[in-house]
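*Asks:* Using the sequences and the hints given, assemble the complete structure.
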Amino acid sequence: MITHRMSTQSGDSPVKFYKIIALSFLVITVVLLGVIIFITSKKADIIVLAKEDAKKVNMSLSITPDGKGERVIAGTVTSTKFIWSEKYQPTGTKRKESVATGEAIIYNQTNAAQPLVVKTRLLTSEGVLFRLTRGVTVPANGQSTVAVYADKPGSESEIGPSKFIIPGLPEFKQKVIYAESKKSMTGGQTSVAILSEEDVKSAKENYTEKVKQAFLATISPSLYEVNIVVADQLLTVNAEIGFPVSEFMVKGTSTLVVVSYNLKDLKAKIAKEVESKIDVTEERFLTADKKPYVTVAGYNLNDGTADINLTQDALVTIDANVEKLAPYHFLGKNKDEIQRYVLGLDHVVGVDLKFSPSWITTAPTSADKIRVIVKNVK
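Numbering of the sequence shown is given in UniProt numbering, commencing with residue 1 and proceeding in unit increments.
Hints listed in this document are in silico derivations from the structure and should not be mistaken for laboratory results. Just so you know, these numbers come straight off a predicted model, no measurement behind them. This list has only true hints and no planted wrong ones.
Estimated spans, in silico, between C-beta atoms of each pair:
#1 Arg-340 / Lys-378: 21 to 27 Å
#2 Glu-52 / Thr-80: 40 to 46 Å
#3 Thr-208 / Pro-153: 38 to 44 Å
#4 Pro-65 / Ala-231: 15 to 21 Å
#5 Glu-52 / Ser-276: 15 to 21 Å
Cβ coordinates follow ideal geometry from the N, Cα and C atoms, glycine included.
*Replies:* Here it is as structure tokens:
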């Protein structure tokens, strides 16, 4: 009996041992499979909110007939005579005394008509005197409206609505035959436009710009951009300083230097200059949609060459493909670390993080599981 039981225990032990190994292998397999699924399903979207910023670019270029050189574009430099005239209004004024005028209502509260001759006096209680512009007969128990004018020129006759006595009438009649104005009297002082030295100076300066615009309007549209330099002017003004005028004219002949160049070639040079000035690890050049501001620094008519200075506002922003937003910067980082890093970059105004599964707290350790998206905001 004892020998038989010991033989049975020895036969069962290998079976249990193999069961334990099988179960352990299954558990390890399940755990490893779970880890693999967890790692492969772990994803992160980093959404960067970026703004467009203007970067000012200043550069100098030369214009030559052949356009050969690093900072050179092809173009032409010629000169021409241009005749033009422009009207202007003076800004200087001079105050001039005049006679105030207006209307008065004459009341007659008697039973008889009252004739009043031209220039009949109307007097306010303050002693301001007006006269009738025409004779009038005021009906009994009635009224008449008549135009009046001040006895003296000057602003002191510009009075508001007032009551008047008629001093030419007997005193007893002055109480029942009187006048009243409902509106102010005006015109006691007027402004006269006077041509000043400053008017002429300002007009000549403006005339130079108007000449450029007028000449450009005569040129047919083309691919070529044109800049004008007024080399010389012979001008006349058809009015004298200090005299009253309603308008005056500036007329003259201008010698214009016409500098023309291909705008497409110019923009290509600008784009190259902008790209050389941006941080390619962080920025991307968007556009330079506005026309550059160009001035002619100098010219040589004999050689047909010119030097120009230009200023261009270019738009730049951050791009999802720049080095500083490469996924390897975020491997294994938590949300706070990612936010601090991204918000420290130029042009960034915000960042939104989306981790999957939602309960994970760190970014994947594999670069292909991290996606960086840049959204431009105004």
